[in-house]
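Line by line, the protein sequences are chains A, B and C. Read in order, the letters of the first sequence are residues 1 to 271 in the UniProt record's numbering. Read in order, the letters of the second sequence are residues 1 to 290 in the UniProt record's numbering. Read in order, the letters of the third sequence are residues 1 to 267 in the UniProt record's numbering.
Don't read these hints as lab results, they were simulated from the structure. There may be inaccurate statements among the hints.
[Stated by the list, open to error] 27 Å max Cα-Cα, derived BS3-like pairs, lysine-lysine:
| id | chain 1 | residue 1 | chain 2 | residue 2 |
| --- | --- | --- | --- | --- |
| 1 | A | 243 | B | 232 |
| 2 | A | 199 | B | 117 |
| 3 | A | 97 | B | 117 |
| 4 | B | 117 | A | 186 |
| 5 | A | 238 | B | 267 |
| 6 | A | 137 | C | 173 |
| 7 | A | 89 | B | 216 |
| 8 | A | 134 | B | 232 |
| 9 | A | 89 | B | 11 |
| 10 | B | 73 | A | 199 |
| 11 | B | 73 | A | 186 |
| 12 | A | 199 | B | 216 |
| 13 | A | 31 | B | 216 |
| 14 | A | 243 | B | 117 |
[Claimed, not checked] Sample of chain A residues with no beta-carbon within 10 Å of chain B, all distances over it, derived:
| id | residue |
| --- | --- |
| 15 | 75 |
| 16 | 88 |
| 17 | 100 |
| 18 | 109 |
| 19 | 116 |
| 20 | 121 |
| 21 | 148 |
| 22 | 171 |
| 23 | 194 |
| 24 | 209 |
| 25 | 222 |
| 26 | 228 |
| 27 | 229 |
| 28 | 238 |
| 29 | 242 |
Glycine is no exception: its CB is placed at the ideal position from the N, C-alpha and C atoms.
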Amino acid sequence: MPTDSRRIAGPESSTNPYSFCTEKPRHDLLKNGKRQDGRKENNLRPIFLKAGVVSQARGSAYIEQNETKVICAVYGPREVVRKEDFSMKGLLTCEFKFAIFSCRERRQHQQDIEEKDYSVQLLEALEPAVCLDKFPKAQMNIYVTVLQNDGSALAAAITCASVAMADSGIEMYDLVAGCAVRVAGKNLLMDPCNQEEYKPEDETGLTNSGSVTVGLMPSLQQVSAISSKGEIEFELVKQAVAKCVDVCTQLYPVLQQALVKSVSERQNEEG
Amino acid sequence: MVDVLLSDAEKTFIIHGIQDNLRDDGRGCEDYRHMEIETDVVSSTSGSAKVRLANTEILVGVKAELGEPSSGKPDKGRLEFFVDCSANATPEFEGRGGEDLALEISNMLTRAYDCPKCLDLGKLCVIKGQQCWVLYVDILLLECGGNLFDAASVAVKAALYNTCIPTVTVSQDEGHVDIELSDDPFDVQHLDVTSAPCIVTLSKIGHSHVVDASQKEEACCLARLMMGVTEKGTVTALKKEGSGSLDPSSVEEMMETGKRVGQALNKSLMEVLCLEEQKGKKKEKTGFLR
Amino acid sequence: MFSCYIVTFCSPRIRKTSSMAGMELLSDQGFRIDGRKPKELRRIQCRLGVFNQADGSAYIEQGNTKVLAAVYGPHETAGGRGKALHDRVLVNCQYSMATFSTGERKRRPRGDRKSKEMTMHLQQTFNAAIMTSLYPRSQIDIYVEVLQSDGGNYCASVNAATLALIDAGIPMKDYVCACSASFVKDCPMVDINFLEESSGGPELIVATLPKSSQIVFLEMNSRLHEDNLSKVLDVAVKGTKDVYQVLDNAVRDHISEVSAFHKLDQS
């Protein structure tokens, strides 16, 4: 980066401004059966899901869960660029990116380790759902950008990407719905927002503290992604996974509706 | 992953065998292959371990260096994982060829160790917010014979157990903070790794699942579940890997197996490590000269 | 190994309780830092066939320098036909150092200037020793991994790679043996370790084909008077011949062991 010589340099010793602001105490995530944003343990945030939002992409979708906003575009199927990558199955690639301004602290332009990890997880969540054997020699690229991150970004990205994939008309076995849960003590908080998300640096002193994300193909009832962070007792992991599976099944109509809407809109345009 | 080429007939043979709880090398579905662990193999490190799991060979070196703590955790030391896939394992890893796999392994290990109770990082703090010990855990993959994640996690735990951190004394004079390092090889701190996790990978093959899949079995498997399991049976990390999907009920079964196997693995690993420590300097150091 | 902490930080100062000051490379009694005589090699221990998957592999310890080498091939050239040589085999090397091999942690195992240079040197050395014309349009990979470094990395790498090539059964004109030498207090010293290497004195590295006394690689760093060059070179070449003896014994032992196994199999 070229440095700006006219710019006044900051003080020699400086402290990150974020270390001064006091975050709300995190140990009471649940008070009288209500969470900080007024939801109950099992309640999800309202979901807005719309397919067909990026005009030049083959397929696209946008999801909003209160302050978590994710947009996804799908390009392809197109020819593989490198000859060595030839295979009888189609090639699916995934790029997950937090927009620079999406989080509390500024993100970098380049993908960092966390984003690369999410890219792989997203890819493995979607791979089982796409009929890749129908696309030999072809590649399909999925680009996911988190516009604003208020927790459960990976789960939202999974849902969004699968709808975008379906919107592109690429043949699929099923959609994939994603869902996250925060485990705190004995409580399972569905669809955690940023404040409720598990962060390893703040110790709450609880034995059970972590989060679980699940991706489910609802009509096949197959789990395509599963991931967890933090130390959780075994029984609770099982409960958390089961709960996520339930919620994902409930989400299915939302996904379907979004697709139906986009198809009928397209028909109206043509007709 | 490093792939072996298998024909459909060979795959069917392996899948049918696993259905009858008999694998092509004679093991049952929940058996590990023979594992050899040796600690203190590289003297230029603070702690090191070599693990050989059948054909998988992994060397881990831990280096303790003084550095700055991260801003989020000013009163804690840091733990950094780095995986290098040596081209010795396969020519595919030449240059940057092994980077994707390396990143996957280091991400999984970071995730498994990223909880406050796994390892007491508070002990590694020297001056709050200024100086702490940074443990660089460098994993060198020398030969691939399947089940890299489990072997890597076992090697990491053994190397951390073996790690000696020199005692430091902090003194203040006239605004200067002096850190004094002891040069006495016996004046050292050890890490408590009893609650550190081991990764157990469960591979879904046919209708059953197996632990410690060999390379051939990995070629037959579409979906794997990886779990970080501690001695108490808690789960520190969970990840589905591979291009297949799993039934919710089989996820549950796999997790049950993973917990059971993981606890047993942790227990026998600690026993072996204690035994090796008791032998101390008397033990024959063999390293690669067997 | 705490010598790596003599790093001064901006704010907190770090002090070591003892120091290495007053070390002499060659004492008046004629002993070196590690107690060797000037013309004494470090202890060499080696083993062939460390790995099963590689076509050939070897491990060597020269004092505290530990190196693993693996050989793959001869096989089809990787990355298309473009790279293949029509009259001889392509010798492809990669030198890398484990991040924990040195006193201070290395950030990258390979790709830095020094290891690229080392890769090139290895390639040149083995191009001279392998009977390259026997395998036209093919490729031989030699991968060297330094696990612990205490001086003489190049020498140990060459010796390990030679053993690995022999283990792989690749025809060579002769063993390639490498050895280093230095010159302190009018006295040539053979097989120098890290401390002696970093003291700033001259360092001569030579790789030879011992039977025919041919030099395949020669490098010298720092300053040395012309009159002394032949003395140091002689010592280094003598060193390579000593190394040859050790390697040859190891190979013969290995082969007798393997053939014993083979006989057991047959009976």
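Violations among the numbered hints, reported as their numbers in ascending order: 3, 6, 8, 12, 13, 19, 20, 24, 25, 26, 27, 28 and 29
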